[in-house]
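**Student:** Sequence:
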Amino acid sequence: MPERVWFDGELVAADAAHVGLLTHSLHYGTAVFDGGRHYRLVDGGVGVFRLDEHVRRFHASAASLWMQLPYSQDQLIDATLAVVRASGRSDGYVRQLAFYGDQRIGLGARNPVHVAVLAWEPGSSPGAVTRVRIASFGHGGGWIPTAKHAGHYGRAFLALREAEASGHDDALFLGDDGSVVEATGANLFIVRGGRLVTPPDSQPLLPGITRASVLALAADLEIPAVEAPIARHHLLGADEVFLANSAAELRPVVLVEGRRFPAPGPVTARITEAYRAAVRGADPHRRGWIARVEDPR
8 MPERVWFDGE
18 LVAADAAHVG
28 LLTHSLHYGT
38 AVFDGGRHYR
48 LVDGGVGVFR
58 LDEHVRRFHA
68 SAASLWMQLP
78 YSQDQLIDAT
88 LAVVRASGRS
98 DGYVRQLAFY
108 GDQRIGLGAR
118 NPVHVAVLAW
128 EPGSSPGAVT
138 RVRIASFGHG
148 GGWIPTAKHA
158 GHYGRAFLAL
168 REAEASGHDD
178 ALFLGDDGSV
188 VEATGANLFI
198 VRGGRLVTPP
208 DSQPLLPGIT
218 RASVLALAAD
228 LEIPAVEAPI
238 ARHHLLGADE
248 VFLANSAAEL
258 RPVVLVEGRR
268 FPAPGPVTAR
278 ITEAYRAAVR
288 GADPHRRGWI
298 ARVEDPR
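Numbering (this note's numbering), first residue to last: 8 to 304.
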C-alpha cells in the first residue's frame with residue numbers, strides 16, 4: 008500500500024487521507040480515475056509512460072460526469088510526478104482519482120470534488136499468459152465507454168469473477184451485434200494472416216492509451232493494422248490473440264473457449280518487444296511519450 012499520497016493539493020501520509028462513510032461516490036459510483044505505469048529508464052532515470060494522455064483522459068472523464076476538477080492538467084501532472092518520486096520505486100503503477108465527497112447524501116447532492124493521486128506496486132505481471140472466456144452477459148447500454156467512471160466497472164468485476172470461477176483469467180464482452188468488443192479492463196487484438204486487427208472505437212469500448220501505442224508501434228514495425236469488428240468466429244480462427252492495457256501491458260492469450268493459441272505468437276512478440284523498449288526510453292523515436300520524474304544521477 009502507498010505510504011504517501013497527494014490529496015486535495017498536498018502530499019500527505021496515506022492514513023491522513025480520510026474518506027467518510029457518507030461519501031457520495033461510495034454510494035453511487037460517482038468517481039472517475041485514470042492511471043498508468045512508471046519505469047526505470049535505460050539512462051538510469053525514472054519516467055511515467057504517456058502521462059499527458061492519461062491526465063487528459065482523466066479530465067475528460069470528469070467532465071462527462073459533470074465533475075469540475077479543481078486542478079489543471081499541468082497541476083495533476085506535477086502531482087503525479089511528485090507521488091512517484093515520493094514512492095521511492097522506479098517501477099510501479101500510479102493512479103489519479105476524483106470523487107464527490109460527503110457533505111450531503113442523496114443521488115442529486117451537489118458535493119465538493121476531492122482529488123487524489125496514489126502509487127503502488129503493480130499487482131499484475133507484464134506479459135503474463137492469459138486464458139479467457141466469453142462473458143455470459145454483454146456490455147449493455149446507458150454508459151459512456153470512452154470515460155473511466157468507477158461505476159462502469161461493476162459489470163467488469165462480475166465478468167472477471169465469473170471467468171475466474173471457471174478457471175480462466177479474464178473475460179471478453181460481446182457487443183449488441185455479437186462481435187467481440189474488449190476484455191474486462193483491456194483492449195483486444197488479434198492477428199490474422201500477419202495483419203493486426205482491433206475493434207474500432209465506434210464500438211462500445213474504451214479506446215485505450217496502450218491500444219493507441221500498439222497501433223503506433225505496429226506502424227513503426229511496418230505491421231499492417233486495421234480497426235474492424237471482430238466476429239466470434241474471427242476470434243476463434245485467429246493466428247494470435249493478445250490483450251493490452253496500461254497496468255499489465257501486452258498479455259498473450261493462450262486459450263479462448265477451448266481454442267489454444269501460441270504464447271506469444273511472432274507478431275505479438277515483436278510488438279511486445281517494441282513496447283517494452285518504448286516504456287523504458289530505449290526507442291529514440293518514442294521518448295516523447297515519457298514524462299521524466301527526475302534526471303539520471
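These are computed hints drawn from the structure, not numbers from a lab.
In this text, all values refer to a predicted model and were calculated from it rather than measured experimentally.
It is possible that part of the hints are untrue.
[Said to hold, decoys possible] Quick list of simulated restraints, FRET-style, between CB atoms:
1. Asp183 with Gly95: 30 to 36 Å
2. Asp246 with Ala226: 40 to 46 Å
3. Ala223 with Leu29: 23 to 29 Å
4. Pro119 with Asp22: 17 to 23 Å
5. Asp98 with Asp227: 35 to 41 Å
6. Pro77 with Asp246: 44 to 50 Å
7. Pro119 with Leu243: 24 to 30 Å
Cβ coordinates follow ideal geometry from the N, Cα and C atoms, glycine included.
**Student:** What are the numbers of the hints that this structure violates, sorted from low to high?
**Tutor:** 1, 2, 3, 5, 7
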